[in-house]
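Enquirer: Sequence:
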Amino acid sequence: MARSRRTWCGFWLWLAVGGLVCILVPPARGQAPDLPIPVAPQPSPAGKTGSDSEAADSGKKNPDEGKKKDEKENGDKKDKDDKDKDKDKDKEKDKDDKDKDKDKDKAPDWYNVHAQATVVSQGVFPFRSPYMGPNSLASNQNLASTATATLFLAARPFRDTEIIFNPEMAAGGGLGNAVNGTTGIAGFPNGEATRTGIPQPTPYLARLLVKQTFGLGGEQESLEDEQNQVAGKVDIDRVVVRVGKMSATDLFDDNAYSHDPRTQFLNWALMYNGAWDYPANVRGYTYGGGIELNRKDWTLRYGIFAEPAIANGAPIDPRLLAAHGQATEYEQRFKINDHPGSFAVMAYMNNAHMGNYRLALAEAAAQPGGIPDIAATRSYRIKYGFGITAEQELTKDVGLFGRAGWNDGQSETWAFTEIDQTVSGGVLIKGTSWGRPDDRLGIGAVANGLSNAHRDYLEAGGVGFIIGDGHLHYAPEEIVEVFYNFQLRKGVVFTLGTSGVNHPAYNQDRGPLAIWSVRLHLEY
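Going by full-length UniProt numbering, the letters in the sequence shown line up with residues 1 to 524, in that order.
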């Protein structure tokens, strides 16, 4: 334990040093701007020049001489204006040449490189715990930390073809038991925690895919340079195909205000739709493909992905025809008083070697004192469900989001978390009104539920890979999360957060929980 704490203290120290370097070292400066071009002073139309005054005061002077003098002055003025125009043209030419040189110095737009590193530390205060099961959260589990680092490489070797490569490293574990570090709460509080049970820093391949765009003509839009996206212009009406290793959540259930645990809400049931048991290995990635038809106001998506060979497993089931997950989603975009919003409806169906809750209960009932074992009933089965997600900008600084989801809850949870019904919502606020426009305040809440078969299984002493207290006095799991992002400088974000959990793992006998969170996120 002491060694683990020293390891994390050292990790935090190094990350803090890196953050200080990012803060204190000034960013690279561009070329100094050109000085404003001087403009020759012009006489006021309502005023008089000195020669005009002399001509008015001297009635003895020859009018022809005054006229010649005026013509000479006008000629001199014209010559001066011509010279000024020539100078202006020369300066504009020099400026254009400088701009061309700058464009030559810019990195080519056929590739980009980005990176991120995130450390999350969490703790839970002591809580009521009259009994514990194999997957219960311990009341003395006071500290847990995770760390991830990702390299985002994207290239466009051809006009409409992109290749994306993301090597990643993860370390540590979340609040929970020593086996996988993510137990005791269905809506787990750390979206950076995976269920590997490997605390040592471990590198792996997160994404490797090809993205092919087929333009359909018409109006175009600009894509900004960002993680896994090369800047450029594409047709608004287009078909996009992705094939390779990725996360199913890269394509589906997106939300501008709650989708990234590295900068937004940490809770699993707030960052994604908790009732979608999305296909993934233990790290959250899998092999598959997706296709989407994008129009100006709507998008239609379909994807098919491989399932793990065992629940919460790393290896992928090679029987792809029998083990895969499919999803389809329709997204409608709109504006209310010029503020963008969207609404998406998703349906999914998973095929995997899953156990059945009712069958496990029946087999246990046939044996005196038997405890149901879901793993003993595994066979290739189907799980299906539905989900919706919505977002709406209220002002330039305030946005709302919401999700709801349901699955049939008859087959065991296979890849994500033990939630059969969920409803969530929240608000994300920019700090503009208090003088910190790059800061963010997030407030979210979620309520999760189980199917009758699932709750009966847990009440009889059964366990899944996330929850299982050995007994269950059922009630919906209710969670509130609040966080504040301090933007220390571009690419450096420090977060303080807290969560409250009522009925953890759907058990009225345990909790409530009060969890604190600290997060440091660096990105390039």
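Hints are not guaranteed to be accurate.
Below, a list of computed lysine-lysine pairs in the DSSO-like style, where the Cα atoms sit at most 30 Å apart [claimed, not checked]:
1. Lys-296 to Lys-245
2. Lys-335 to Lys-396
3. Lys-245 to Lys-335
4. Lys-245 to Lys-430
5. Lys-430 to Lys-233
These aren't lab readings, by the way, just hints derived from the structure by calculation.
Enquirer: Each of the hints needs a verdict: does it hold here or not?
Expert: So, going through the hints one by one against the coordinates:
Only pairs whose Cα atoms come within 30 Å are accepted, and Lys-296 paired with Lys-245 is accepted, the gap being roughly 28 Å. With a C-alpha separation of about 13 Å, the suggested pair Lys-335 and Lys-396 falls inside the 30 Å cut-off, and the hint holds. Under the criterion of a C-alpha separation no larger than 30 Å, the hint pairing Lys-245 with Lys-335 is inconsistent with the structure, at around 34 Å. Restraint check for Lys-245 and Lys-430: not satisfied, since their Cα atoms lie roughly 34 Å apart, outside the 30 Å limit.
Distance check on the hinted pair: Lys-430 and Lys-233 sit about 29 Å apart at the alpha-carbon level, within 30 Å; holds.
In this structure, the earlier hints numbered 3, 4 are contradicted, and the remaining ones agree with it.
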